[in-house]
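Keeping their order, the protein sequence lines are chains A and B. Per this note's numbering, numbering of the first sequence is gapless, rising by one per residue and ending at 465. Per this note's numbering, numbering of the second sequence is gapless, rising by one per residue and ending at 462.
Simulated from the structure, these hints should not be mistaken for lab results. In this text the structure is predicted, and so the values were computed from the model without any measurement. One or more of the hints may lead you astray.
Below are the EDC-like pairs computed for lysine to aspartate or glutamate, each with C-alpha atoms no more than 16 Å apart in a straight line [to be verified]:
id	chain 1	residue 1	chain 2	residue 2
1	B	Lys423	A	Asp348
2	A	Lys167	B	Asp453
3	B	Lys270	B	Glu381
4	A	Lys167	B	Glu381
Label-pair ranges, simulated between beta-carbon atoms [stated by the list, open to error]:
id	chain 1	residue 1	chain 2	residue 2	range
5	A	Gly160	B	Ala410	15 to 25 Å
6	B	Arg264	A	Leu441	38 to 48 Å
7	B	Leu261	A	Met442	54 to 64 Å
8	A	Ser352	B	Pro311	30 to 40 Å
9	A	Gly157	B	Met447	26 to 36 Å
10	B	Ala410	A	Leu441	28 to 38 Å
By construction, the Cβ of each residue, glycine as well, lies at the ideal position given by its N, Cα and C atoms.
Next come the chains, spelled out residue by residue.
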Amino acid sequence: MHVPDGLLSTEVCIAAGVISLGAFGYSLRRLKDSLAERTVPMTGMMAALIFAGQMINFPIALLGIPSVSGHLMGGVLAAVVLGPWAGCIAVTLVLIVQCLLFADGGLLALGVNVLNMAVVGSLGGYAVFAFVRQRLGNGARGTLAGGIIAAWLSVIAASALFSLQFGLSHAGGELFDVRRLFALMVSIHSAIGVGEAFITGSVIGFVLAQRPDLLYSADADGAGGVVPRAGRAVAFGVMCALAVAAFVAPFASSFPDGLVEISERMQFSKLEQSRVLLFADYDQVLPGWQKLSVSLSGIIGALAVLMIVFLLDRSLRLRQRAAAADVPHE
Amino acid sequence: MCRMSSYLDRYGRNRSLCHRLPPRLKLLLTFGMVLAGVSIPVRYWPAHGVLMSLVFIGHSIAHVPLPYLARRLAIFLPMVCMLSLSVPISQGFAAGWEIMAAILFRTTLSFVAMLWLVNVMPFDQLLVTLRRLWVPEIIVAMLSFMYRYIFVLWDEMDKMRVARRARSFGQVNLWRRWKSAAQLIGMLLIRAMERAERVHGAMCARGWDGHMRTIDDE
Chain A
136 MHVPDGLLST EVCIAAGVIS LGAFGYSLRR LKDSLAERTV PMTGMMAALI FAGQMINFPI
196 ALLGIPSVSG HLMGGVLAAV VLGPWAGCIA VTLVLIVQCL LFADGGLLAL GVNVLNMAVV
256 GSLGGYAVFA FVRQRLGNGA RGTLAGGIIA AWLSVIAASA LFSLQFGLSH AGGELFDVRR
316 LFALMVSIHS AIGVGEAFIT GSVIGFVLAQ RPDLLYSADA DGAGGVVPRA GRAVAFGVMC
376 ALAVAAFVAP FASSFPDGLV EISERMQFSK LEQSRVLLFA DYDQVLPGWQ KLSVSLSGII
436 GALAVLMIVF LLDRSLRLRQ RAAAADVPHE
Chain B
245 MCRMSSYLDR YGRNRSLCHR LPPRLKLLLT FGMVLAGVSI PVRYWPAHGV LMSLVFIGHS
305 IAHVPLPYLA RRLAIFLPMV CMLSLSVPIS QGFAAGWEIM AAILFRTTLS FVAMLWLVNV
365 MPFDQLLVTL RRLWVPEIIV AMLSFMYRYI FVLWDEMDKM RVARRARSFG QVNLWRRWKS
425 AAQLIGMLLI RAMERAERVH GAMCARGWDG HMRTIDDE
């Protein structure tokens with residue numbers, strides 16, 4: 136899943152690097168404000184944990200291919216346990232070590248990887264998580280549902296962002312259409328995201344049943360609400376929009392294309408052809424089966440995620456009840 | 245049991261010309277190689293060939309064994325092939341072949357160059373270098389903690405895996421395997437966090453004030 140060097144153009148890598156450097160520096164400052172000396176061992180441990188957790192393979196033998204397996208990405212998990220700022224830093228550390236110790240992910244592309252997985256995964260993911268948890272009343276159920284939904288959306292957002300970066304990198308040359316790649320990437324990743332959602336949800340459920348105090352809570356931090364309410368809503372909106380785009384975009388051709396109109400009004404059409412490609416008609420680009428597959432995979436993914444929320448929530452309550460019954464024995 | 249130390253930092257302790265280079269030069273060389281590989285257009289493919297042979301000469305001077313390189317490439321190449329093939333596939337095989345070739349060339353070159361860096365630079369040396377390159381102290385401290393904890397957690401995970409295998413006699417169905425793998429991570433998380441708290445307490449008792457001190461401090 137890590138972007139190697141040479142896949143994206145240098146300009147895109149540099150731009151992404153600047154953005155991630157900014158986000159990373161800001162996270163570091165927020166972290167130093169809160170509890171400086173305690174964070175070092177905790178963040179180091181969390182980074183090592185994600186690193187080790189990524190080595191546990193989840194077999195995908197569903198397709199009859201026994202050797203294929205996936206693993207955890209961990210951005211949302213780190214944010215739920217450590218809070219968004221430390222979570223972002225922990226995932227970044229994992230990416231740095233994977234780059235410099237394993238050659239996993241490129242040196243130039245480090246900024247891209249950090250942006251797609253640490254910044255979007257932890258900061259964006261935490262915003263979604265906090266939004267959902269608040270909506271469901273800040274309880275265990277809200278924590279679980281928020282983590283699962285945020286994990287799913289974070290994978291989709293990462294893949295969407297990647298296809299955007301890829302499109303920007305190769306827009307200049309040969310005629311090449313970003314939206315087809317977008318369709319392919321997003322439909323694959325809404326399935327992969329279900330795996331991430333399942334793992335994140337199970338781990339959060341496990342921790343909630345055993346040691347709920349380990350999970351990060353914004354009130355204990357002393358800094359008050361970590362992400363301002365408006366920011367949470369905006370992040371949730373953006374990530375949902377991406378997911379909705381995955382469902383609806385392929386069918387957008389039946390509407391008189393609003394984007395084309397806007398782009399003409401804003402004089403985008405005067406830019407070179409390759410840029411305008413982003414706003415051209417959907418009709419000619421996506422063949423029917425692709426439209427259908429993208430929307431179907433989006434919808435199936437969303438259903439699967441809701442299912443996971445439901446199942447894990449039930450098993451969590453069973454376990455909590457069992458734990459409550461166990462207390463006299465201890 | 246497979247030991248983590250046979251996997252991380254494998255050839256970093258070799259003695260060769262490449263290993264003796266100043267650490268910052270190694271970083272600079274790799275960075276320059278990657279940058280060159282990425283920015284030279286594909287139609288100058290002889291230049292790529294020259295760069296590639298330079299990288300392989302670097303590997304052979306550093307005594308990195310060929311089977312190791314082949315193994316890493318065998319994992320890396322299929323992934324990149326699939327990724328780059330998705331460009332023509334998504335265009336209905338009508339376009340995108342040039343992009344695919346560019347991707348294959350460039351990613352392979354930079355990957356092999358990165359492998360060189362990884363194998364001539366042990367992690368402790370990297371940490372010292374990063375500190376001298378104005379990376380914030382707290383980041384270097386976290387990285388060094390992380391490096392230490394990776395081995396600890398790996399051993400812990402190994403124990404849990406062996407215990408699981410002993411209880412479940414190997415093969416179980418897919419749902420069970422996913423569930424138990426997720427629980428493994430959950431258990432590992434709880435143990436890891438408890439350990440980090442203990443370590444932090446012990447560090448505070450020994451006068452930890454948020455600053456790392458190493459022997460090479462000038």
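>> Hints numbered earlier in the text: which of these fail when held up against the supplied structure?
In response: Going through the list in order, the structure violates hints 1, 3, 5, 6 and 8 and respects the others.
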